[in-house]
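Whole structure, please, built from the sequences with the hints as guidance.
As you go down the protein sequences, you meet chains L and X in turn.
Read the first sequence against numbering that gives the first Met the number 0 and you will find it ends at 246, with the numbers running on by one and no gaps.
Read the second sequence against numbering that gives the first Met the number 0 and you will find it ends at 413, with the numbers running on by one and no gaps.
Check the hints yourself; a few may be wrong.
In the DSS-like style, the derived pairs of lysine-lysine whose C-alpha atoms are separated by at most 27 Å in a straight line are [claimed, not checked]:
| # | chain 1 | residue 1 | chain 2 | residue 2 |
| --- | --- | --- | --- | --- |
| 1 | X | LYS7 | L | LYS152 |
| 2 | X | LYS65 | X | LYS265 |
| 3 | X | LYS400 | L | LYS150 |
| 4 | X | LYS322 | L | LYS152 |
| 5 | X | LYS86 | L | LYS134 |
| 6 | L | LYS89 | L | LYS150 |
| 7 | X | LYS86 | X | LYS65 |
| 8 | L | LYS200 | L | LYS150 |
| 9 | L | LYS89 | X | LYS322 |
| 10 | X | LYS322 | L | LYS150 |
| 11 | X | LYS400 | X | LYS322 |
| 12 | X | LYS322 | L | LYS134 |
| 13 | X | LYS161 | L | LYS89 |
| 14 | L | LYS89 | X | LYS86 |
Simulated from the structure, these hints should not be mistaken for laboratory data.
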Amino acid sequence: MASHARQCFEEDYMGLITAQNISKDYQVGEVSLRALFNLNFEIEPASFLSFVGPSGSGKTTLLNLIGCLDIPTAGSLTIAGTDVVGLDRKERAAFRGSHMGFIFQDFNLIPVLTVYENIEYPLLMVQNVPLEERKRRVLSLLESVEMMEQKDKYPDQISGGQKQRVAVARALVTEPELVLADEPTANLDSKTAYMIIDLMKAMKAKSGNTFIFSTHDQKIVGAAEILYTLEDGTIVDRKETGGNGHV
Amino acid sequence: MAMYNILKIAIRNLMRYRRRTLLTSSLIMIGVVFVLVFVAVTGSIKSLLIGQITDSMLGHIQIHKKGYVASIDNLPLTITLPPKAMKTVETIIRDIPDIEAYSPRIKFGALFSNFTETTNIRLNGVFPERELKTVPLLPERIVKGNKDLQKGSILIPELLAKGMKVSVGDSVVVIATNKDGSVNGKQFIVGGILESVTGPGGRDGYIHIEDAEEVLRMEERELSEIVLRLRNFDMLQDVYASLTDSLSGKTNEAGKAIFEVHTWEKLSPFYNIARMIDIMTFFIKIMLIAMVLVSIMNVMIMAVYERMREIGTISAIGTMPGKILSMFLLEGFSIGIFGALIGDVIGCAIIYILNISHITFNFGRQTGLLLETHVGITDLLAVSIIVIIVSVAASLQPAFKASRMEPIYALRHV
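Quick look at the structure:
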């Protein structure tokens, strides 16, 4: 199915993300390890998409490249019309801050900030949004993720599921075009995992962001509308599932 | 606004590791307290001793004929300032408002006899009123006898009085050789006994300047030195520069300078002790800097290591490296300012306690000198600013490391 992705380019369709022949090698001592090899794909705006595959298949590496946390060893990667491979460290940080939201497997909330402040953080420290606008957006998201009552609590005072809801709100507060979630449900029980995926879908439906998440949890992959399967650093399958339920 | 929020996060991070923050701040605080108390005590001792030396004998500045100081141990009568030179100096002195008083002196070596025994003595011929205005602690040194120096009377040092078994009211003879080589003597009544003071002149006696002129058979008044007292001791270098400027242009017929000007520092060996105190203070400050540097650096390196995932997270969501750098620098700054402020408060409290405790100490033969510790706002500010700057400097490397960290590497950290 990797050929299907390549076919997209042949149709000359410019999506939100365009990857052309991207590869990623890691140098471990004198040995070079190939994590991704010659990937080609396009992702349309407002997609709800998942990269699946076993551990070591390259899901996280690919998400890191799309998230501009890392740069490909070869190939070109264009996101929202910007060739991100050519960006330096500061430009990548600025690009992430203005175009992307991140949801992490371990929630990664800032422990010294309250729920409210964690959600507010990107607006305050990254985008310098004025107070009134910040307040409006944070309260709206707190409402959406049903965390209003916990807004003054610190991360160590809430459950794992609640933390991930806060993380979802933090990722969405800047109204990014792209939300990246690396194994967002890995540290959650099944019920909470479904809740988080449903929440992500609901938020996507509401705001039209593109959600890309990686998972190896077969129970939740069915939620994705588009499913890319990776094996040994290459895309072996692309499936449009409609994302109507959990598999 | 952004800086306020960075500071808020920095302070919360410090509060998160409360015990560690308190320990580090305490270490800085102890250093600051130690430095302040040391500066206050040594500064007090130093200024007290300088005051004793300058106000008892030396004065703040002395003016001599060029070449006199090089031969000062011989008390030469050939290197003197004639009346014309004195007039020149007086004209210049009057134009310098920072000079409070001045006293001309004729200094010479003489034989001192109680009619049965003879010893040598260094004598200062002075105008008593002007001398007392210039060295106001002189009367305190007169332990026996009249505090006024009358014509025909002599003030002699205590050790000489004891050695020669002479007391107040006794007749003595002073015999001196004048600059032409002829010898002359004059009888004096012992008017008072002087307590010794440490340093040059500590064993000097005093007579009226007119008596000195008579003993030395001077046809005109030839001064050995002119001693100056300043209104404010802190103006020492300014007045010195001003005098040097004014007097350096005065030359004799051969085109050579007539005068030389010296501050007390060049005339007293105690200056070296004062310098040693300054050097010790400097090294104590270096120790403080090292203490702050090591403790803050240690804490900040730990903080960066422990919060690597957080750094990765904030970096991933787009926080610019400069803000991450500021966050860690502000943590170091906050610890520094906290330690410095608490140290200042405790240091001042200890200094106050030392003052109300009325601690006394002895110096040479002087006993019961009161330790009046004082730390100036300049010292407080200097120590605090050093601590704060060093705290920020010590945080620089860890903060820089945090800001340069690749988020992907930081996020992987367990």
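Going through the hints against the structure:
1. Taking the CA atoms of X:LYS7 and L:LYS152, the gap is about 17 Å. The hint holds against a cut of 27 Å.
2. With a CA separation close to 14 Å, the supplied pair X:LYS65 and X:LYS265 stays within the 27 Å bound.
3. Our distance criterion of 27 Å between C-alpha atoms is broken by X:LYS400 and L:LYS150, whose separation comes to about 33 Å.
4. Taking the CA atoms of X:LYS322 and L:LYS152, the gap is about 25 Å. The hint holds against a cut of 27 Å.
5. Of the pairs offered as hints, the one joining X:LYS86 and L:LYS134 is violated, with about 82 Å between alpha carbons and a cut-off of 27 Å exceeded.
6. Taken as a hint, the L:LYS89 and L:LYS150 pair is broken in the structure, with Cα atoms around 31 Å apart against an allowance of 27 Å.
7. Of the supplied pair hints, the one linking X:LYS86 and X:LYS65 holds, its CA atoms being roughly 16 Å apart against a limit of 27 Å.
8. This hinted pair checks out: L:LYS200 and L:LYS150 have alpha carbons roughly 23 Å apart, not beyond 27 Å.
9. For the suggested pair L:LYS89 and X:LYS322, the alpha carbons sit about 12 Å apart, so the restraint of at most 27 Å is met.
10. Restraint check: the Cα-Cα separation between X:LYS322 and L:LYS150 comes to about 25 Å, which is no more than 27 Å; the hinted pair holds.
11. With a CA separation close to 13 Å, the supplied pair X:LYS400 and X:LYS322 stays within the 27 Å bound.
12. The hinted pair formed by X:LYS322 and L:LYS134 meets the criterion: a straight-line CA distance of about 22 Å does not exceed 27 Å.
13. Distance hint between X:LYS161 and L:LYS89 is unfulfilled; the C-alpha atoms sit about 85 Å from each other, more than 27 Å.
14. Proposed proximity of L:LYS89 and X:LYS86 is contradicted: the alpha carbons are some 75 Å apart, above 27 Å.
Of the hints listed earlier, those the structure fails to meet are numbers 3, 5, 6, 13, 14, in rising order.
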